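Colleague: Residue numbers (the working numbering), protein chains in the order written: chain A, -6 to 113; chain B, 13 to 244.
If you're looking for bench data, these hints aren't it; they were derived computationally from the structure. The model shown is predicted, which means the values in this text are computed figures rather than measured ones. For each residue, glycine too, the CB sits at the ideal point set by N, CA and C. Do not rely on the hints blindly, as some may be mistaken.
[Claimed, not checked] Estimated spans, in silico, between C-beta atoms of each pair:
{"#": "1", "chain 1": "B", "residue 1": "Pro174", "chain 2": "A", "residue 2": "Arg25", "range": "24 to 32 Å"}
{"#": "2", "chain 1": "B", "residue 1": "Ala215", "chain 2": "A", "residue 2": "His94", "range": "30 to 38 Å"}
{"#": "3", "chain 1": "A", "residue 1": "Thr65", "chain 2": "B", "residue 2": "Pro49", "range": "23 to 31 Å"}
{"#": "4", "chain 1": "B", "residue 1": "Ala215", "chain 2": "A", "residue 2": "Lys60", "range": "39 to 47 Å"}
{"#": "5", "chain 1": "A", "residue 1": "Arg25", "chain 2": "B", "residue 2": "Arg236", "range": "57 to 65 Å"}
{"#": "6", "chain 1": "A", "residue 1": "Glu85", "chain 2": "B", "residue 2": "Leu128", "range": "31 to 39 Å"}
{"#": "7", "chain 1": "B", "residue 1": "Ala135", "chain 2": "A", "residue 2": "Thr71", "range": "30 to 38 Å"}
{"#": "8", "chain 1": "A", "residue 1": "Gly42", "chain 2": "B", "residue 2": "Ala201", "range": "16 to 24 Å"}
{"#": "9", "chain 1": "A", "residue 1": "Gly68", "chain 2": "B", "residue 2": "Phe172", "range": "55 to 63 Å"}
{"#": "10", "chain 1": "B", "residue 1": "Ala132", "chain 2": "A", "residue 2": "Asp104", "range": "47 to 55 Å"}
{"#": "11", "chain 1": "A", "residue 1": "Leu22", "chain 2": "B", "residue 2": "Trp204", "range": "31 to 39 Å"}
{"#": "12", "chain 1": "A", "residue 1": "Gly76", "chain 2": "B", "residue 2": "Pro174", "range": "33 to 41 Å"}
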Amino acid sequence: MNSTKLKKPGLPKRDFLGEFEQIVLLATLRLRDDAYGMTIRQEIQRCTGRDTSVGAVYITLDRLLAKGYVSTVQGEPTEERGGRAKRFYRVEGHGLKALRHSQEAMHNMLDGLSLTPETV
Amino acid sequence: MNPKLLVCWLFVFLLRRQVSALQRRAITLERRFSTLPASAARILADLKQLPATQAELRAQLNALSSDIAATGGVALPQYREVLCCRAATLQTAVAAATKHRADVLADAAIFQVCELKPCAEQADWLMEYVAAIKQRSQYLRLWAHGETTAPVLEVLLYFFVPISHLEPLAGDLEEEYRTIQIPRLGPRAAQWWYTRHVLKTIARYGAWACKRASVVVTAVGLLRRIAHWLRL
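Okay, chain A solo, but in the shape it has when bound:
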C-alpha cells in the first residue's frame, strides 16, 4: 500500500488546551488583576456550576505556568489568610493565542452541526 502522508488542511499543528485548562484561563482573564486561587475557583463555580477543589486549580495553573501561558506575582500576606501571601496570576500572550486556537478548533468541529436530538 502506498503510504503517502496527507497534509491536513486548516489549522497548523499547535499545542491544544484541555477543557479545564481553557476554563481556568478564561476565569483568570475574567478576573483581570484579582485572579488568585480562591477567586479563580469561585469564578469557575459561578460560571459553570462545578465545585472544583482549589488543588485542581493550582495543579492546572502550575501546568499553564510551565508552558508559559500565565505568569505569577506574589501578593502581600493578609490577616484573613493566616498571614499567608496571595499568588496572583495573569494570562500571557502565548496563553491567549493557545486559547484562541483551541476555541477555533472547537468552532471548526461544531461547524455544520446542530446539537439537537434529531441530529443523532
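Fit chain B to the known structure of chain A by using the hints.
Modeller: Relative to chain A, chain B alone:
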C-alpha cells in the same frame, strides 16, 4: 488523651522519618561527590595537555614545510623519500591527536552530563527537601501552639501538598473558610466544607503524583516502603 497532641506526635514521627531518609540520601551523595575530584583532575590534565600536543604538531609541520621549501623542488629522490616518510608520520600523529582530542572532549562531556550534573541536581533537590521539611516543621509548630485558627485538618495539607503550592493554597482555603463559608453556612457546616476541600485537594495531589510517576515506579516504591516498615 489530647487529640492535638496525638496528631502532633504522629506528624513529628513522620517528619523524623523524612529527615532520616534525607540523611541516608545525603550520605550516598557525599560518597558520589568524593569520587568527583579524581575524575575531574584526570579530565583537566588531559584537557591541559591538548594545546601542548597541538603546538608540538604545528612545530613539526612548520619544520617539514621549511625543509620542503629548502629543497626548492629539486630534491634528490632519496631525500624526497625521507620527506614523504616524515609527512606520513606527521599525518598519522595528527590523526592520533585528533582522535585523542575527540576522546578527551567526549570524556569531559560525559563527566559533565552523567556525573557532575546529576550530583548537582540531587544536591539541589536535597536542599529543597531540607527547606520543605523546615517549613513543614514551622507550620506544625504554629499549628501546635494554636497560632493558626483554621480547622485541625489543615495540618494534612502541610504533608501532602508540594511546598511550592502550600502557602497560597492553604491561605486561599483559610480565606474562603473565614470570609465566605462561616458567614454563609455557619461554623459547623463551614468546618465540613473545609474538611471536604482538604480531602479533595489531597486526593487531587495524590492523583497528580501518581500520574507523574509511572505505575511501576509507584508500585516499586510502595513495596520498598512496606518492606522497610515490616523490617522495623
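Colleague: Now look at each hint and say whether the structure bears it out.
Modeller: Checked hints:
1. B:Pro174 to A:Arg25: 24 to 32 Å: holds, 27 Å
2. B:Ala215 to A:His94: 30 to 38 Å: Holds: the Cβ-Cβ distance is about 32 Å, inside 30 to 38 Å.
3. A:Thr65 to B:Pro49: 23 to 31 Å: violated, 40 Å
4. B:Ala215 to A:Lys60: 39 to 47 Å: violated, 24 Å
5. A:Arg25 to B:Arg236: 57 to 65 Å: violated, 48 Å
6. A:Glu85 to B:Leu128: 31 to 39 Å: holds, 34 Å
7. B:Ala135 to A:Thr71: 30 to 38 Å: Because 36 Å falls inside the window, the suggested range holds.
8. A:Gly42 to B:Ala201: 16 to 24 Å: holds, 20 Å
9. A:Gly68 to B:Phe172: 55 to 63 Å: violated, 24 Å
10. B:Ala132 to A:Asp104: 47 to 55 Å: Holds, since Ala132 of chain B and Asp104 of chain A (Cβ atoms, about 52 Å apart) stay within the stated range.
11. A:Leu22 to B:Trp204: 31 to 39 Å: With Cβ atoms ~32 Å apart, the hint holds.
12. A:Gly76 to B:Pro174: 33 to 41 Å: With a Cβ separation near 20 Å, Gly76 of chain A and Pro174 of chain B fall outside 33 to 41 Å, so the hint is violated.
Hint violations for this structure: numbers 3, 4, 5, 9, 12, all remaining hints satisfied.
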